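The listed protein sequences derive, respectively, from chains E and L. FYI, the numbering used here numbers position 101 of the first sequence as 101, with every residue one higher than the one before it. So the numbering used here is basically just the index in the second sequence, starting at one, shifted up by 1000.
Don't take every hint at face value.
To be verified - So the derived list for chain E, only partly shown, Cβ under 10 Å to chain L, looks like this:
| no. | residue |
| --- | --- |
| 1 | Glu19 |
| 2 | Phe26 |
| 3 | Asp100 |
| 4 | Gly113 |
| 5 | Leu114 |
| 6 | Leu121 |
| 7 | Trp125 |
| 8 | Phe126 |
| 9 | Val229 |
| 10 | Tyr230 |
| 11 | Leu237 |
| 12 | Val275 |
Quick caveat, the hints were computed from the structure, so don't treat them as lab data. Just so it is clear, the structure is predicted and the values come from calculations on it, not from any experiment. For glycine and all other residues, C-beta sits at the position ideal for the given N, C-alpha and C.
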Amino acid sequence: MSDASINASNVSAHLRADEASFGDYFALLKPRVMSLVVFTALVGLLAAPVPVHPFVGFCAILFIAIGGGASGALNMWWDADIDRVMKRTKGRSIPSGKVDEGEALAIGLTLSGLSVIMLGLATNWFAGAFLAFTIFFYVVIYTMWLKRSTPQNIVIGGAAGAFPPVIGWVAATGSMTLEPWLMFALTFMWTPPHFWALALFMRSDYDDAGVPMLTVTHGRRATRKHILVYTVLLALLAIGTAFSGIGGPIYLTVAVVMNVLFLRGAWQISRRTEVDAEADNFKVERSFFKLSLLYLFLHFGAILAEALLKPYGLGGWS
Amino acid sequence: MSLRKSHELHQRRFSRNLGVGLTLAAFIVIIFGLTVVKVSGTDFGMANQEVQN
Chain E
1 MSDASINASN VSAHLRADEA SFGDYFALLK PRVMSLVVFT ALVGLLAAPV
51 PVHPFVGFCA ILFIAIGGGA SGALNMWWDA DIDRVMKRTK GRSIPSGKVD
101 EGEALAIGLT LSGLSVIMLG LATNWFAGAF LAFTIFFYVV IYTMWLKRST
151 PQNIVIGGAA GAFPPVIGWV AATGSMTLEP WLMFALTFMW TPPHFWALAL
201 FMRSDYDDAG VPMLTVTHGR RATRKHILVY TVLLALLAIG TAFSGIGGPI
251 YLTVAVVMNV LFLRGAWQIS RRTEVDAEAD NFKVERSFFK LSLLYLFLHF
301 GAILAEALLK PYGLGGWS
Chain L
1001 MSLRKSHELH QRRFSRNLGV GLTLAAFIVI IFGLTVVKVS GTDFGMANQE
1051 VQN
């Protein structure tokens, strides 16, 4: 056997082991984050007071999701160096060696352009431009600039994740009112306590990667206080939203119950010491994180329920 | 060396090729569906009427 054939068979074996499947490329789009984007954008679209053709609505949500996925791919391209360090992200397509960084960049850019153009064509160019801005905000403002330079990265970066319901609303109406911004504010204010709780029990990850999370720059005591402050502000906003055009008795009930539970969790987190947390392996922080997922889902679910019941004279306050 | 149809590369990349194929097919269906909806929608109808007038 010649050297060349040995090398060729080595390369072939290497390719077989690390060959990327379609799923590895799809994983670049961060499907779990995409599910949040799909759900909140759908609520924004359906809560809007203008009916949309079902197929156009389906396409709008699809292209918003693809736009969100594209920004996820660009985020993974830029953050490949820190993803290799963090335990949580080590297995992603790029750090695991299945997909090249250049491929992720190409996929991200192509899907960004495609999603913006297609959303503009399917609905209106205001929505298309808004999606383009969201991608820009997430990739350039958050990923490239703020994530590694300020401990407020999560707060400002949260805005990118909060835009989908606004895009959904604009896709339906072609204009802007207060209501989509209330949905924006809900996700925006929810993001910091959600991620800081995660940072509390995944601490070594962010430390190792040198990402200036609040836990690293201001300490864990300050992070616990920040979680409480943001949760109080979030509760005021969430309950106040009940009295807007997208609220109603169902939403108010959900908001009161969920915010009482969320405030209780934030209060417990703020009172705990590191010794307490270590002793039970961050039980309270972990359950607060899980509750935060349910919190957002139920709030948007309630907004959706109010919107869907309105034609039957049941949703809203009227 | 010619790449025969039975090359193991085809088997290895089957899922990737299938995924790309189905994605492109879905994209065509979406474009077609959107075209039908837009053409039969009121906006296009009104614009068409204006052109005729």
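Here is how each hint holds up against the structure:
no.: 1; hint: Glu19; in the structure: holds (6 Å)
no.: 2; hint: Phe26; in the structure: holds (7 Å)
no.: 3; hint: Asp100; in the structure: violated (14 Å)
no.: 4; hint: Gly113; in the structure: violated (14 Å)
no.: 5; hint: Leu114; in the structure: holds (9 Å)
no.: 6; hint: Leu121; in the structure: holds (7 Å)
no.: 7; hint: Trp125; in the structure: violated (14 Å)
no.: 8; hint: Phe126; in the structure: violated (15 Å)
no.: 9; hint: Val229; in the structure: violated (45 Å)
no.: 10; hint: Tyr230; in the structure: violated (39 Å)
no.: 11; hint: Leu237; in the structure: violated (36 Å)
no.: 12; hint: Val275; in the structure: violated (49 Å)
Checked against the numbered hints listed earlier, the structure breaks hints 3, 4, 7, 8, 9, 10, 11, 12; every other hint is satisfied.
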